[in-house]
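S.K.: Chains as they are written, first to last, in this note's numbering: chain F, 1 to 79; chain E, 1 to 134.
Heads up, some of the hints might be wrong.
In silico DSBU-like cross-links for lysine-lysine, where the CA-CA straight-line distance does not exceed 30 Å [unchecked claim]: (1) E:K32 <-> F:K75; (2) E:K32 <-> E:K119; (3) E:K119 <-> F:K72; (4) E:K120 <-> F:K26; (5) F:K72 <-> E:K120; (6) F:K72 <-> F:K26; (7) E:K32 <-> E:K128; (8) E:K120 <-> E:K32; (9) F:K72 <-> E:K128.
No wet-lab data here; the hints were simulated from the structure.
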Amino acid sequence: MMFDYILLFAVALSALMAIIQENLYKSIIILTFESFSLAAIFHFLLATDVAAVQAILGAALLPGLFIVALYKTTKGRDE
Amino acid sequence: MEPFQVASFMTAGVLIVTGLWALLMMDNILKKIIGANLIGDGANLVLISIGYRPGGFIPEVMHHFHATATPSNYSHLLQFEEFASNASYSLPFALVLTNIVIGASTLSVMLALAVVLYKKYHTLSVQKMFEGDE
Chain F
1 MMFDYILLFA VALSALMAII QENLYKSIII LTFESFSLAA IFHFLLATDV
51 AAVQAILGAA LLPGLFIVAL YKTTKGRDE
Chain E
1 MEPFQVASFM TAGVLIVTGL WALLMMDNIL KKIIGANLIG DGANLVLISI
51 GYRPGGFIPE VMHHFHATAT PSNYSHLLQF EEFASNASYS LPFALVLTNI
101 VIGASTLSVM LALAVVLYKK YHTLSVQKMF EGDE
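Chain E with its partners taken away, still in its complex shape (with noise of 0.2 Å):
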């Protein structure tokens, strides 16, 4: 395993932890709702680096691949053994990208459901909206 990838994975390790104990421990509502992201980038950045190959090829650009290219020049393209060798893994990065979309659309739903119990309780402390049920 390369020595970057280890970094991404204390780096991921970092972010998760750090939003589980915002999610435990901070009163404000809004700070939930930060550490909630922050544990989805974690698990995003997980994921990414997984798929990581060192040295490799970004997998959607073929090199010395053009447009204009006519069946007389394509002795100079990559063969697809060697691209498929050298290019990184690419399911968790589709795996990823629909994740980030769904984190933002359930990031606006939790800013939504926030605003409409300040707009209930007129406060963003958690403590406060329990006390006041009882």
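Looking at chain F on its own, in the form it has when it is part of the complex (with noise of 0.2 Å):
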């Protein structure tokens, strides 16, 4: 049963990498990773339609908005 405490540390690990990571891209990736880790987690502390909505929301829905924003503040740059 030590799986649940590594998705733990997983999660708050991608959190503070998703805030200190520069590019933008990168730390939406990392987002949807600590997000998706955080309805593993409500899956093991008997939550299960919580996970599920979790799961949806976070890995598809949220990596979308972000996408989607950071595509049209950053379109007439030039990187």
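Starting from two chains that each stand alone, build the complex the way the hints lay out.
M.R.: Right, here's the structure in full:
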């Protein structure tokens, strides 16, 4: 039963990494990983319905919204 | 209190502190929005770990329950007292389920406001937005 503790550590570490990361696209990918690991933790905490909603919204809707916003705010700039 | 519950509380503390630090100290407005999202995740994790009962049932799934049960084979179903004393506490789950959906909609509103600010100021840096106003 060490897997859930590893998931908790992964959530805390990826939250820190998403903030520290300079490249915003990489930051969004790390945030998606954090959100999906949080859904797995909700499953281990016996809340399967919350885990399903968190997995759908955190892994599909959240990076989609962030990438659309990031595309609209970096379009005119050449990087 | 269970060790896994304590570890969940500590992880939620790390999430909330990280989100507050990003909201206060980061210059990029998208990093501030990521920090607000992290604070919401930490609050959800606190609420979920309150309702955890080690070795308990998932409250939405009654064990040994079948849709085709007839009154003659109801006897192997769990009694209500046994189910209620072993299932995890399900009130915070309903709260968190609402909070996740509301968090997603407030996130989309925040991102739309960031796009509008970019179209006005042509930058994502909060420092430069305030410099332009003065």
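S.K.: Hint by hint, where does the structure go against what was stated? Just the numbers, ascending.
M.R.: none
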